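Asks: Build the full structure now, drawing on both the sequences and the hints.
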Amino acid sequence: SQQGEEDPQALSIQEGENATMNCSYKTSINNLQWYRQNSGRGLVHLILIRSNEREKHSGRLRVTLDTSKKSSSLLITASRAADTASYFCATDEMGGSYIPTFGRGTSLIVHP
Amino acid sequence: DTEVTQTPKHLVMGMTNKKSLKCEQHMGHRAMYWYKQKAKKPPELMFVYSYEKLSINESVPSRFSPECPNSSLLNLHLHALQPEDSALYLCASSHSGTGFLEQYFGPGTRLTVT
Chain S
51 SQQGEEDPQA LSIQEGENAT MNCSYKTSIN NLQWYRQNSG RGLVHLILIR
101 SNEREKHSGR LRVTLDTSKK SSSLLITASR AADTASYFCA TDEMGGSYIP
151 TFGRGTSLIV HP
Chain L
1355 DTEVTQTPKH LVMGMTNKKS LKCEQHMGHR AMYWYKQKAK KPPELMFVYS
1405 YEKLSINESV PSRFSPECPN SSLLNLHLHA LQPEDSALYL CASSHSGTGF
1455 LEQYFGPGTR LTVT
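Line by line, the protein sequences are chains S and L.
Under the working numbering, the first sequence is numbered contiguously, ending at residue 162.
Under the working numbering, the second sequence is numbered contiguously, ending at residue 1468.
Because the hints were derived from the structure by calculation, they are not lab data.
Warning: the hint list may mix true and false statements.
[Unchecked claim] In silico DSSO-like cross-links for lysine-lysine, where the CA-CA straight-line distance does not exceed 27 Å:
#1 L:Lys1390 / S:Lys76
#2 S:Lys120 / L:Lys1395
#3 S:Lys119 / L:Lys1395
#4 L:Lys1373 / L:Lys1390
#5 S:Lys76 / L:Lys1395
#6 L:Lys1407 / L:Lys1363
#7 L:Lys1376 / L:Lys1390
[To be verified] Chain S residues, not near chain L, derived (Cβ > 12 Å throughout):
#8 Leu61
#9 Gln64
#10 Glu67
#11 Glu103
#12 His107
#13 Thr114
#14 Asp116
#15 Ser118
As the structure is a computational prediction, the values presented were derived from the model and not from experiment.
Think of the CB as a built atom: it goes at the ideal place given N, C-alpha and C, for glycine as much as any other residue.
Replies: Next up, the structure:
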């Protein structure tokens, strides 16, 4: 399975601090996406990075992709209590049938 | 309108009941998905519809029966479910069924099977 593995599984920080979470995967991919899920709700797309890109920014989010290490990181700068959520990476396997596979997620708690 | 709606929000059903989950989007997306998510786990893909045709069935038991009546609607018919089927059921849509693109998720239906 192509399932990504997020690290750490849980992260607890204070408001204003930066939060970094990592995702590793097993085979070559077309692209990698990050999603956020507030407790018991649907997922919200954050950012998509293609396999030929190395870094992408969106507001306070910075995503990197290292295809040689098969890993990606999501950095949230100047975190806010509203950033408290679970964060998932999702990939699809190159040459596969475009089935999105989600990693197990990182649970982020930001204390006010 | 960038919203995916799902009804009902909560559903409690017995093992002998028949019920349906509904999903709707008006973004012109041609791919729609059903996911199952257990607590503290990632979403697991169940079905994919591409241009109103079932393109992927991830070996889901036949007690789950998907239906795509038109390009905006997606149903999931439930029959003779088991308690272990209790979960959050998420619907999503994306622009195309070819390529893993940004998915828009609904808020989910919380299903409890008693």
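Asks: Hints numbered earlier in the text: which of these fail when held up against the supplied structure?
Replies: none
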